[in-house]
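Keeping their order, the protein sequence lines are chains A and B. For the first sequence, the positions run 282 to 793 when the working numbering is used. For the second sequence, the positions run 87 to 581 when the working numbering is used.
The set of hints was computed from the structure by calculation and includes no laboratory data. One or more hints might be untrue.
Under the rule of at most 27 Å between Cα atoms (straight-line distance), these lysine-lysine pairs were calculated in the DSS-like manner [as the list claims (entries may be wrong)]:
# : chain 1 : residue 1 : chain 2 : residue 2
1 : A       : Lys-697   : A       : Lys-790
2 : B       : Lys-444   : A       : Lys-375
3 : B       : Lys-471   : A       : Lys-375
4 : A       : Lys-705   : A       : Lys-772
5 : A       : Lys-705   : A       : Lys-790
6 : A       : Lys-753   : A       : Lys-723
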Amino acid sequence: MLTETRPSYRLTGSTGDWEVVMGLEVHAQIASKAKLFSGASTAYGAEPNSNVSLVDAAMPGMLPVINRACVEEAVRTGLGLKAKINLYSRFDRKNYFYPDLPQGYQISQFAHPIVGEGELLVDVEPAHGEPSYQFPVGIERLHLEQDAGKSIHDMSDDETYVDLNRSGVALMEIVSRPDIRSPLEAAAYVKKLRAILIALGSCDGDMEKGNLRADVNVSVCRPGAYEKFKATGDFSHLGTRCEIKNMNSFRFIQQAAEYEALRQIELLETGQQVDQETRLFDPNTGRTRTMRSKEDAHDYRYFPDPDLLPLRLDPDFVEKIRASLPELPDEKRIRYMHEYGLSAYDAGVLTADADRAAYFEEVARGRDTRLAVNWVNQELFGYLNKQSLEITDTPISAAALGGLIDLITDQTISGKIAKDVMLKMIDTGKSASDIVEAEGLKQVTDTGAIETLVNEIMAANPKQVAQVQAQKEAGHAKPKALGWFVGQVMKNSGGKANPQAVNEILKEKLDL
Amino acid sequence: MSDLTRLSLTEALQGLDRKAFSSVELTEHFIAAIEAANPSLNAYILETPERALEMAKVSDTRRAKGEAGRLEGAPLGIKDLYCTKDVRTTACSNILGEFVPPYESTVTQNLWDQGAVMLGKLNMDEFAMGSSNETSRFGPVISPWRRKGGANAGLTPGGSSGGSAAAVAADLCLAATATDTGGSIRQPAAFTGTVGIKPTYGRASRYGIVAFASSLDQAGPIAKTVADCALLTEIMCSHDSRDSTSLNVETPDWTADVSRPVKGMRIGIPKEYRLDGMPDEIEALWQKGIGWLKDQGAEIVDVSLPHTKYALPVYYIVAPAEASSNLARYDGMRYGTRQLGSDLLHTYEQTRAAGFGKEVQRRLLIGTYVLSSGYYDAYYLRAQKVRQKILQDFRDVFQTVDALLTPATPSAAFAYGERSDDPVAMYLNDVFTVTANLAGLPGISVPAGLDNQGLPLGLQVIGKALDEAACFRVAGAIERAANFTTKPSAWWPSA
Chain A
282 MLTETRPSYR LTGSTGDWEV VMGLEVHAQI ASKAKLFSGA STAYGAEPNS NVSLVDAAMP
342 GMLPVINRAC VEEAVRTGLG LKAKINLYSR FDRKNYFYPD LPQGYQISQF AHPIVGEGEL
402 LVDVEPAHGE PSYQFPVGIE RLHLEQDAGK SIHDMSDDET YVDLNRSGVA LMEIVSRPDI
462 RSPLEAAAYV KKLRAILIAL GSCDGDMEKG NLRADVNVSV CRPGAYEKFK ATGDFSHLGT
522 RCEIKNMNSF RFIQQAAEYE ALRQIELLET GQQVDQETRL FDPNTGRTRT MRSKEDAHDY
582 RYFPDPDLLP LRLDPDFVEK IRASLPELPD EKRIRYMHEY GLSAYDAGVL TADADRAAYF
642 EEVARGRDTR LAVNWVNQEL FGYLNKQSLE ITDTPISAAA LGGLIDLITD QTISGKIAKD
702 VMLKMIDTGK SASDIVEAEG LKQVTDTGAI ETLVNEIMAA NPKQVAQVQA QKEAGHAKPK
762 ALGWFVGQVM KNSGGKANPQ AVNEILKEKL DL
Chain B
87 MSDLTRLSLT EALQGLDRKA FSSVELTEHF IAAIEAANPS LNAYILETPE RALEMAKVSD
147 TRRAKGEAGR LEGAPLGIKD LYCTKDVRTT ACSNILGEFV PPYESTVTQN LWDQGAVMLG
207 KLNMDEFAMG SSNETSRFGP VISPWRRKGG ANAGLTPGGS SGGSAAAVAA DLCLAATATD
267 TGGSIRQPAA FTGTVGIKPT YGRASRYGIV AFASSLDQAG PIAKTVADCA LLTEIMCSHD
327 SRDSTSLNVE TPDWTADVSR PVKGMRIGIP KEYRLDGMPD EIEALWQKGI GWLKDQGAEI
387 VDVSLPHTKY ALPVYYIVAP AEASSNLARY DGMRYGTRQL GSDLLHTYEQ TRAAGFGKEV
447 QRRLLIGTYV LSSGYYDAYY LRAQKVRQKI LQDFRDVFQT VDALLTPATP SAAFAYGERS
507 DDPVAMYLND VFTVTANLAG LPGISVPAGL DNQGLPLGLQ VIGKALDEAA CFRVAGAIER
567 AANFTTKPSA WWPSA
């Protein structure tokens with residue numbers, strides 16, 4: 282079920298209700314072969330400091346040269362976010378000292394980003410059977426910037442090692458408006474954004490490798506305050522925000538936001554104030570802690586990078602990219618509704634995540650769509666949700682699930698038996714046919730065997746037979762007591778009797 | 087045969103061509119001259135005689151095979167701001183320690199590709215920040231020039247390319263590379279009776295040249311004659327995909343422009359370059375220059391560049407701002423010197439306090455300040471706006487004139503210690519030269535006479551963007567008219 286109403290997320294404190302306001306900054310690594318301003322490789326997992334050019338190491342006299350492929354991916358992403366492409370943009374230097382920042386500045390786009398305002402439709406699927414819904418998130422901007430290297434503090438007690446392989450890798454920073462109103466929505470936003478990036482091919486979305494990570498800005502306010510902010514654009518209606526840095530899992534995003542909102546409420550309700558600061562989430566404790574307070578905030582001394590010319594895009598270049606855009610999740614959703622005859626909800630659930638969509642399409646290929654949707658959406662996703670697993674962690678491959686569905690289609694097993702088979706597949710890792718074979722779960726379609734069962738049950742239960750006749754006489758086309766007989770037959774057959782055959786034989790014997 | 091070192095680059099190339107001498111012979115003369123003179127002048131901070139002889143030998147073989155490049159066998163000096171593969175490069179700063187680049191700058195590569203021979207690395211102000219060469223980690227260069235009659239006080243050859251100018255003036259190389267961010271080629275050329283040009287911004291690649299202020303830095307030569315300068319500029323300039331600000335333009339035949347008559351050219355005389363308290367000799371020299379060009383048939387036009395007075399303050403905001411960021415990479419982490427402190431911050435502080443000299447520190451502080459939040463708009467942003475006005479001034483006057491003639495410096499060379507206690511007085515050295523950097527225009531300094539103490543003075547010709555041709559043409563005319571042949575008397579030991 283898809284509803285248009287967006288539930289309001291309220292947290293109840295000791296002094297009343299609170300609402301949460303969130304905006305996210307997502308850093309997505311561009312899936313390019315070379316870095317943003319150098320020819321060094323971006324390959325993951327290389328020996329430390331092996332993918333480092335003279336430019337990346339900031340050797341004297343080395344100069345950045347823009348990688349056109351990265352510009353193209355940023356534009357592609359901007360178009361995928363239905364955003365304004367700025368034909369003029371510019372690179373600025375963000376100055377600060379750190380050993381993993383060889384130049385002493387990060388080249389970023391501060392004043393003039395390559396992509397301006399856009400919008401993203403987020404699909405939210407609450408747990409516990411609450412209705413799903415969609416809501417829009419404004420995209421403020423997308424800009425290009427360099428990643429820093431990696432400081433490794435645990436290789437030595439008193440020394441820090443630096444790996445510059447990541448130094449200079451191209452990132453897209455995608456900044457949302459503060460349109461996100463619950464921790465679940467925050468995770469759903471990143472999920473949808475990730476699906477779009479993967480569909481576009483501009484980022485591989487691999488969160489484990491840190492190729493997609495989110496900074497979550499969280500503040501709390503009283504009910505009604507957010508609406509005042511929306512009406513006026515005046516941020517003073519909102520609470521002081523804290524930024525939780527560098528989160529690379531949907532679960533952590535949700536947990537961190539939940540914890541952070543409650544922490545802020547606790548502060549406010551005990552007469553303290555929320556300090557604007559940067560915080561880190563510790564997955565082991567489930568808490569956030571101060572990383573940098575406002576007082577320690579750097580003065581980044583942004584200014585235009587004089588080594589680089591402003592980026593001027595040819596409108597034709599943009600149009601060419603627009604013409605080559607692949608199918609995006611929202612378009613896929615509409616296609617699923619038409620092509621597979623799916624409901625908006627089913628189509629939304631399947632297309633919210635590129636991996637899910639790919640999984641579904643594999644299962645549905647050459648099979649009954651209805652069955653495929655039910656088994657993917659209800660049974661498999663239901664199981665995954667219960668176990669807090671992502672589709673990428675699924676214990677059943679699309680091919681294996683397809684094999685199970687094939688057994689239902691050719692009436693080897695009933696849908697009911699199939700559910701048990703699926704759980705056994707998860708437990709054992711065996712194929713559906715192996716399990717059905719080994720456990721003798723093959724459906725009984727032998728009418729003789731079913732007749733014998735029916736005769737036995739009718740003989741043992743004359744009262745129920747009379748009841749069916751009475752209901753028939755009273756004009757009921759489908760006497761309720763018939764269901765009782767079906768249940769009995771199924772029970773006595775160990776669930777293996779073909780329900781359709783049981784129905785037919787019962788109707789004949791009971792003269793219906 | 088010590089006369090070989092006194093040849094101009096063009097003459098030497100002719101001599102090599104007619105086999106009057108070999109590159110090895112020529113190089114040996116320079117090596118001997120450097121060995122004798124350098125302890126007195128301190129122009130070279132690193133001599134590379136073995137490499138020079140090896141390059142000369144290879145060059146002679148190439149020439150014998152008929153594969154001579156345009157600079158085949160010509161021994162040159164290289165400013166220490168240029169990264170030279172396998173040869174220590176320090177920008178004359180302690181912070182770079184004994185840094186040896188594993189790469190070659192595009193400009194020097196262009197020279198080697200045409201057969202040039204490297205004699206060594208030349209002294210300069212630390213990170214090219216200075217106008218007197220006294221901020222070098224290796225100590226000041228002593229100008230080959232001395233005041234007539236007076237005490238033999240050590241004079242500055244100017245800066246930051248002081249080593250380049252002194253080496254050329256003292257015949258310790260045929261010519262030298264230099265760089266110019268606010269006047270660092272033209273002012274030392276003027277102080278030493280040599281010719282130096284800063285090409286249009288983007289003509290020469292900045293790849294492999296230690297950065298001072300990216301939007302102003304430009305490579306160029308210092309040489310003995312305008313023709314030598316033209317030849318070197320042709321070879322040094324090239325489009326380079328490794329420098330995003332490098333211009334993708336053809337390099338014309340500038341050597342041909344040097345002798346082209348100036349008849350019919352319109353030469354602008356900007357009134358704002360007449361400063362209060364400027365020595366009479368400078369004004370007199372300027373008038374002399376105007377007369378020479380008039381005599382050769384050029385039309386003299388009085389023009390105005392109304393924003394000139396803001397150029398120096400704008401320069402001293404923009405250049406330090408860029409430098410404060412460009413020099414952030416010298417953090418003691420990957421190369422150069424490191425002074426270990428108690429923690430990371432302390433290590434940064436110790437390293438940079440010990441590694442950078444006073445003048446560099448002063449500019450880094452100014453640059454950091456003008457980019458700071460709360461000051462950015464008032465300083466950096468405003469300076470950028472005024473920079474646009476200065477550029478517009480030039481665009482306007484170049485609607486009506488072909489080139490501008492100005493003095494190169496507001497005075498002749500000064501003695502060490504005379505100005506070093508007052509940074510602002512020192513900064514005034516650049517008053518006539520910074521405008522061309524801010525506007526990205528080509529500017530050439532050509533020797534035009536001596537002051538009453540016998541020290542050289544230069545005139546500057548500023549051209550339109552990419553019109554180095556006009557600079558060479560007018561400079562050639564001045565060179566012919568001035569007939570400046572005076573050399574410093576060699577008070578230093580000779581070979």
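Checklist entry - Looking at the structure, which of the earlier hints fail to hold? => result 5 and 6
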